[in-house]
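Chemist: The listed protein sequences correspond, in order, to chains A and B. Reminder that position 128 of the first sequence reads as 188 in my numbering, one-by-one numbering, no gaps. Reminder that position 74 of the second sequence reads as 217 in my numbering, one-by-one numbering, no gaps.
Since the hints were made in silico from the structure, they are not lab data. Just so it is clear, the structure is predicted and the values come from calculations on it, not from any experiment. Yeah, the Cβ is synthetic: ideal placement off N, Cα and C, and Gly gets one too. Do not take every clue at face value.
What the hints assert, rightly or not - Take a look, some chain A residues computed to stay more than 10 Å from chain B by CB distance:
no.: 1; residue: N106
no.: 2; residue: L124
no.: 3; residue: L128
no.: 4; residue: I133
no.: 5; residue: L139
no.: 6; residue: I140
no.: 7; residue: L143
no.: 8; residue: D195
no.: 9; residue: L221
no.: 10; residue: L245
no.: 11; residue: L247
no.: 12; residue: I253
Claimed, not checked - One-sided excerpt, in silico: chain A residues whose CB lies under 7 Å from chain B:
no.: 13; residue: P98
no.: 14; residue: L156
no.: 15; residue: Q157
no.: 16; residue: W158
no.: 17; residue: R159
no.: 18; residue: L167
no.: 19; residue: F267
no.: 20; residue: I290
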Amino acid sequence: MSKFQARLRAGVLALGALAFLFPFYYMVIGSLQASPDPTVSGAFPNPANLTIQNYIAINERISLLTGLVNSGIFTAGVLIGTLTFALLAGYSLAQLQWRGRGTVFALALLVQVVPFQLLMIPLYVLIARDYGLGDTHLGMILPFAINSTAVIIFRQYFLQLPKELFEAARIDGAGELALLWRIALPLVRPAFITVVLLTFIGPWNEFLWPFLITKDAALQPLAVSLANYITTVAASASNPFGATLAGAVVLAAPVVTLFILTQRYFISTDIGSGVKG
Amino acid sequence: MSVTNAVPTPTGSAPPSPPPASAPRRGTKKLQRLGRNPIGIVFSAPYLAFVMLVFAYPLAYSIWIAFHDFFFTAPGVQVERPFVGLENFITAFSDPAVIRSFGNIGIFLLINVPLTVVLSLLLATALNKVTRARTFLRVSYYVPYVTASVAVVAVWIFLFNGNGLVNQVLGPLAPDPSWLINSTWAMPTIAFFVTWKQLGFYILLYLAALQGVPKELYESASTDGAGAVRSFFSVTVPGVRPATVLVLLVSTVTGANLFTEPYLLTNGGGPNGASASPVFLMYQLGLQQGQPDVASAIGVVLVVLVLGIALLQNRFAGGRD
Chain A
61 MSKFQARLRA
71 GVLALGALAF
81 LFPFYYMVIG
91 SLQASPDPTV
101 SGAFPNPANL
111 TIQNYIAINE
121 RISLLTGLVN
131 SGIFTAGVLI
141 GTLTFALLAG
151 YSLAQLQWRG
161 RGTVFALALL
171 VQVVPFQLLM
181 IPLYVLIARD
191 YGLGDTHLGM
201 ILPFAINSTA
211 VIIFRQYFLQ
221 LPKELFEAAR
231 IDGAGELALL
241 WRIALPLVRP
251 AFITVVLLTF
261 IGPWNEFLWP
271 FLITKDAALQ
281 PLAVSLANYI
291 TTVAASASNP
301 FGATLAGAVV
311 LAAPVVTLFI
321 LTQRYFISTD
331 IGSGVKG
Chain B
144 MSVTNAVPTP
154 TGSAPPSPPP
164 ASAPRRGTKK
174 LQRLGRNPIG
184 IVFSAPYLAF
194 VMLVFAYPLA
204 YSIWIAFHDF
214 FFTAPGVQVE
224 RPFVGLENFI
234 TAFSDPAVIR
244 SFGNIGIFLL
254 INVPLTVVLS
264 LLLATALNKV
274 TRARTFLRVS
284 YYVPYVTASV
294 AVVAVWIFLF
304 NGNGLVNQVL
314 GPLAPDPSWL
324 INSTWAMPTI
334 AFFVTWKQLG
344 FYILLYLAAL
354 QGVPKELYES
364 ASTDGAGAVR
374 SFFSVTVPGV
384 RPATVLVLLV
394 STVTGANLFT
404 EPYLLTNGGG
414 PNGASASPVF
424 LMYQLGLQQG
434 QPDVASAIGV
444 VLVVLVLGIA
454 LLQNRFAGGR
464 D
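This is chain B alone, in the form it adopts within the complex (with noise of 0.2 Å):
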């Protein structure tokens, strides 16, 4: 608390700029260019030194990795790693399967990314108007957000088994084989899952983001004649952009993560590899292999194309604000 002593605090809400009238000792002047409340950093040291660690440098890591020959060591060992270039990329991209996971991860986007849009904010959107039963709505639309894929996981593969609940109520009509062990619907029901299962947080967004599309336009879109369809899609779709935008963001970053689904529920992947994710072969490479440098390869060009999705779903739905 020494820190905030030594510094006099500027009278009132003047601006932190002008130097104080009267002649600053020097250390004083010193502080000041940090700002008026140096503590501040000091307040903020452990975040920063936690991002550092735990982001920035592994960041750096791992594109290190991704360029050298890299391989599991004892702790301590000192050995060569030395520069590959492109080596690490070939290797991975030389792997059907890694192109096949690519492929996967690229049905599960399809699928998953615009069904999250569309469900979550036709969703939000009747929760904003309901007035009965909202906490109750509101409750079990958040649970499947709020619980661990682990413990749902179990439930999906008892419904959608073989002689599953799914497939009873389904009789005739249930493909054969069953869903998950199908190599044309493994991937489809990991992205309904995974709708499913993380749809409450984007209510959850969209809800917030309703509060701040203004009454009036509503009300002026139904003076004008507009009904409930008209004034969704003309009030409601431009008002709540940015939500939009933030929801295909999110929704891109966590579906390209994906690995606890494919590991659960379709085994590994399965059925050969229908429905591995680029994660999942990461984790098999590099720490169940030990090629951690491919694996961060493919780390890498996943990034780098989410990060390309990314700009271009901001640029064709954030508009120019």
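For reference, chain A alone in the conformation it holds in the complex (with noise of 0.2 Å):
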């Protein structure tokens, strides 16, 4: 490897690192700029042009903390049936042999491909109308209840572990929830983040279905309400850039420190395994 290929590798790299954070950076700028400063000047702090009204002026529009809650409480469900019954599946999946498992498997890999486009009118239909669940949490919860690349990565993990060590605790005579909790489960602890880390992001992130189930603002998550922010209320404020960038700060920054803070688990190798089955 010469020293020129070196170089430009560290150079693309560098360009590349730049590329995806200069937005991130500017995110924050923007947010904090009295009157919105385009030029490329305003790419960098100016103590005189430098404020945190914009952080109110949004909260006043919507209500930050309210569409923080409602995005914790769509994240976590999703989070607690993911990890309940995912972890289940992913078990039983790849420890125990019964049958219809190779069916199960394969069904959790055909929904990876099945466009929710499709499922959205009926979806729509049969949970808004039918079930009368629009503007409810259970209802923005319910489609994503179970995160099946969870159900693949947990079965992934499992599948690694030694058969031999859950057939003699099971002579032993050990039940086989207690076999799940006391056995496989602390061995596959770093599955555990990767999945709460891929789930989190998922509900946090989302848009089209919470914006289709919830009209009531008051139960709306801070992605959705933001959006209503951005199309419509956003034009008759006074610095509607400054406002929506404060906002986008606000729903970025949790994810991103969730993510930051467990980035080394969510490693290639990992996802990559989940992800190809």
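Each chain sits in its own coordinate frame; assemble them with the hints.
Modeler: This is the structure we're talking about:
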């Protein structure tokens, strides 16, 4: 490997990192500007033009706290559903032998390629109209309640555990739930964290479904209320960019923080193996 | 837990098929037909129920809706919904806006999919070889992927605005009207946005695939005198082919699902429908204008087209393995 190629590679990677990070930097800068400054010098912080007024302004139009709480309930519901039932399904797909196991695994793979656009209308008819779950947290959570990617990741991890371990414990008379809780779970902690992160970003960032199902502003997750602000209210605000970007920072911050804290578990091989099946 | 206790655990690692030597109790035989650990069915049942309720049934329902005269009613009201054959499809595709939205998504996929494959493979290859600042680089590449579209869309509107930073830098080269309100540039700008937003995920997939390419292949390639470029095309590209098939499939399916970006970036598929996507029209026709049957027809056609594209991709990129 020549020195030139190594330099070229470093240059490409640095340019890539800049392209990926700059919009985030700009989001924060823009959210702190008293008056929007789209010029090149506006990309650098200017003490004379700094304010937190935008955060107050957006909070007056859409309650950030309500949005965060709704996003939190939506996300927590999906996390609880996934961590309970995807874990059970993943374990039984990897370590237990029962009839229909292959079919259930095939379904979990198939679900990944079923596009949501085809399900959008019937799910809306069923959940909002037939079950009357429009404008409820349950209706929001239901279509996402068990993340199929998580089932596959758990299965992949449990497959790596030696079967003899479980056979031995079974002979000792341990029940299957006890096996799962005391032996399997502690051994797959990295998978657990990967699944938490991967499942968290789904509902927290989801826009289309909660947008369809919630008309009541008091129940909307932050992604939906911020989007409504962008499309309707922003035009009448004094500094629409600053306020919108302030909302964007509040929406992005929890996920980015969680990601940075857990990024060492978010390594390629885990998720790659999960997605590859 | 009583179920497990009722089943005698077969000894050691014996295959499940041969019947136990001693005469088994009657119930046991029945349970054995369900496999060695029938409790697995109980463990998977909630997930199976979920898939049936949220995927299988709506999928079938959606196809049913597309072929019937379907309209919203108050819950519990019984109305007749006659079979109308292809009428919904004809209504949908005599609307020039629908035809245009399919053209738009075609433009989107033609830009987004190849760009995604090339950039993610190049960046993953470079990232795989680098040792310094690896964590920093990885985090910065994945951050757009983990962040909400709604949040980053806000920055892009600011950046690509008429007098936004991008146009300030470009000066006289900036398109007029600006990117997102320019009927030529609106869809390509959305395609660039989505490529940027999703790239981290595909880099992740390629990084995983690169771990599986045997190191010996690179060694023997360099013994044979291959340079970095040559070994990239002769070793890396064929080595990660299964991942490429997956990237093609996932980016096509995600791309065909496009909704949030035209809704927010171009204010509902503007200018004049130049960036409207089929899913956006499904929302408009189905839920805003109360024609769920026509919207379902669009959905069915869209999915059939996507599956067709996926099969072609698999045929030409997948090889025979």
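Chemist: Each hint: holds or not?
Modeler: Comparing the hints with the structure gives:
Here N106 of chain A stays apart from chain B, with its beta-carbon at least about 14 Å from theirs, past the 10 Å limit. Non-interface status of L124 of chain A relative to chain B is upheld: no Cβ of that chain comes within 10 Å, the nearest being about 13 Å off. No Cβ of chain B approaches the Cβ of L128 of chain A within 10 Å, the least distance being about 12 Å, so the stated non-interface status holds. At the 10 Å boundary, the C-beta of I133 of chain A stays outside the reach of chain B, the nearest C-beta of that chain being 16 Å off.
No Cβ of chain B approaches the Cβ of L139 of chain A within 10 Å, the least distance being about 15 Å, so the stated non-interface status holds. Interface exclusion of I140 of chain A from chain B stands, the closest Cβ pair being 12 Å apart, more than 10 Å. A cut-off of 10 Å between C-beta atoms confirms that L143 of chain A is not in contact with chain B; the least separation is 12 Å. The Cβ of D195 of chain A sits about 14 Å from the closest Cβ of chain B, beyond the 10 Å cut-off, so the non-interface label holds.
The beta carbon of L221 of chain A sits about 15 Å from the closest Cβ of chain B, which is more than 10 Å, so the claim that it is off the interface holds. In this structure L245 of chain A is separated from chain B by more than 10 Å, as the shortest Cβ-Cβ distance comes to about 13 Å. With 10 Å as the threshold on Cβ separation, the claim that L247 of chain A sits away from chain B holds: the shortest Cβ distance comes to roughly 17 Å. At roughly 14 Å, the least C-beta separation between I253 of chain A and chain B is larger than 10 Å, which holds for a residue marked as non-interface.
The beta carbon of P98 of chain A is positioned within 7 Å of a beta carbon in chain B (closest approach about 5 Å), and the interface hint is therefore held. Look at L156 of chain A: its Cβ gets to within about 3 Å of chain B, closer than 7 Å, so that hint holds up. The interface hint given for Q157 of chain A holds, since its Cβ lies 4 Å from the closest Cβ of chain B, which is under the 7 Å cut-off. For W158 of chain A, the interface hint holds, since its Cβ comes within 7 Å of a Cβ in chain B; the closest pair sits about 4 Å apart.
Residue-level restraint check for R159 of chain A holds (minimum Cβ-Cβ distance to chain B is 5 Å; threshold 7 Å). Nearest Cβ of chain B to the Cβ of L167 of chain A: about 5 Å, under the 7 Å cut. The hint holds. Restraint check, F267 of chain A versus chain B: the minimum CB separation of about 5 Å is within 7 Å; hint holds. The beta carbon of I290 of chain A is positioned within 7 Å of a beta carbon in chain B (closest approach about 6 Å), and the interface hint is therefore held.
Checked against the numbered hints listed earlier, the structure breaks none of them; every hint is satisfied.
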